[in-house]
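With the working numbering, the residue at position 38 of the sequence shown is 29, and numbering never jumps.
It is worth saying that the hints were derived from the structure and are not from the lab.
Ideal Cβ placement from N, Cα and C applies to all residues, glycine included.
Misleading hints may appear alongside valid ones.
Stated by the list, open to error - What follows is a set of in silico ranges between Cβ atoms, one per label pair, in the way DEER data are often shown:
#1 H121 <-> A3: 32 to 42 Å
#2 L123 <-> D72: 21 to 31 Å
#3 R10 <-> R81: 39 to 49 Å
#4 D72 <-> T115: 31 to 41 Å
#5 T53 <-> V117: 20 to 30 Å
#6 T11 <-> V117: 33 to 43 Å
#7 P77 <-> A37: 16 to 26 Å
#8 D124 <-> R71: 40 to 50 Å
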Amino acid sequence: MHTHDVDEELVAAAAEVARTRCRGDNRTVAAAARATDGRIVTGVNAYHFTGGPCAELVVVGTAAAQGVHGLRTIVAVGDRDRGVVPPCGRCRQALLDYFPALQVVVPTPAGLRAVPVAALLPHTYVWADHQLDTPS
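The task is simple: from the sequences and hints, build the whole structure.
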């Protein structure tokens, strides 16, 4: 079940990539993000026992490589019809630091919902707030 505040086109884009590009143990999750200019950027995880990047982080890098510097919404979808999956803790922190106003599509008992990334990290550590000013 989907809710009214969810970018359905974005979810469909991630689901299509998960269905068609996630094959084998190394690629198990696809992500899609809506850029502030409206474009959709997609990516897949690069699973590796050393801690390869999650699909959300691949999307962040892909977006930058394509000249996209602002993301509005992101969603991850698991392979094998697992549906929308919430971001892991590392991704939550990285997404908050890169895009503090980002909306993240997550599953809830009432269906999919887009929530602010900060809501996924109560009592959040905001990296930028803890950087020392550089001397001039």
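Consistency of the hints with the structure:
1. H121 <-> A3: 32 to 42 Å: holds (38 Å)
2. L123 <-> D72: 21 to 31 Å: Violated: the Cβ-Cβ distance is about 47 Å, outside 21 to 31 Å.
3. R10 <-> R81: 39 to 49 Å: violated (25 Å)
4. D72 <-> T115: 31 to 41 Å: holds (32 Å)
5. T53 <-> V117: 20 to 30 Å: Hint holds: Cβ distance 24 Å, inside 20 to 30 Å.
6. T11 <-> V117: 33 to 43 Å: holds (37 Å)
7. P77 <-> A37: 16 to 26 Å: holds (19 Å)
8. D124 <-> R71: 40 to 50 Å: At roughly 48 Å between Cβ atoms, R71 and D124 fall inside 40 to 50 Å, so the hint holds.
The structure fails hints 2, 3 (numbered hints given earlier, in ascending order).
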